[in-house]
Amino acid sequence: MAEWRQQIEQESGRQAAELERRVSTWIQRELERQIQEWAEQACGGSALAPIGLAIWLAARRLWR
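Going from the sequence shown to our numbering is simple: count from 1 and add 1.
These are calculated hints, taken from the structure and not from any lab test.
Think of the CB as a built atom: it goes at the ideal place given N, C-alpha and C, for glycine as much as any other residue.
Watch out, some of these pointers could steer you wrong.
Pair by pair, the computed Cβ-Cβ distance ranges are [what the hints assert, rightly or not]:
1. E21 <-> P51: 42 to 52 Å
2. I9 <-> P51: 42 to 52 Å
3. G14 <-> L58: 49 to 59 Å
4. A3 <-> Q37: 27 to 37 Å
5. M2 <-> R61: 49 to 59 Å
6. L63 <-> Q37: 17 to 27 Å
7. W39 <-> W5: 15 to 25 Å
8. W5 <-> A60: 50 to 60 Å
9. A43 <-> Q8: 27 to 37 Å
I would like the entire structure built from these sequences, with the hints used as guidance.
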């Protein structure tokens, strides 16, 4: 019985780690998509979008 419990706990830990990885990946992709949309709207899709995005990211790091 104790072995089963340990196996279940180990499997639960693996599943939790996998779920955390998947959620983290999804959040990162969603943020990238939203930032891209924001940059396109803010800069009208111009060549300045990457510069604006870099400034925004740098400022965001400073506010933490």
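Hint-by-hint comparison with the structure:
For the pair E21 and P51, the beta carbons lie near 31 Å from each other, so the given range of 42 to 52 Å is not met. The hinted window of 42 to 52 Å between I9 and P51 holds, with their beta carbons roughly 49 Å apart. With their beta carbons about 34 Å apart, G14 and L58 fall outside the hinted range of 49 to 59 Å. The beta-carbon spacing between A3 and Q37, approximately 51 Å, falls outside the hinted interval of 27 to 37 Å.
At about 51 Å, the CB distance of M2 to R61 agrees with the hint of 49 to 59 Å. Checked against the hint of 17 to 27 Å, the pair L63 and Q37 passes, with Cβ atoms roughly 22 Å apart. Distance hint check for W39 and W5: the Cβ-Cβ separation is about 50 Å, which falls outside the suggested range of 15 to 25 Å. Distance hint check: the CB atoms of W5 and A60 are about 52 Å apart, consistent with the given range 50 to 60 Å.
The beta-carbon spacing between A43 and Q8, approximately 52 Å, falls outside the hinted interval of 27 to 37 Å.
In this structure, the hints that do not hold are numbers 1, 3, 4, 7 and 9, in rising order.
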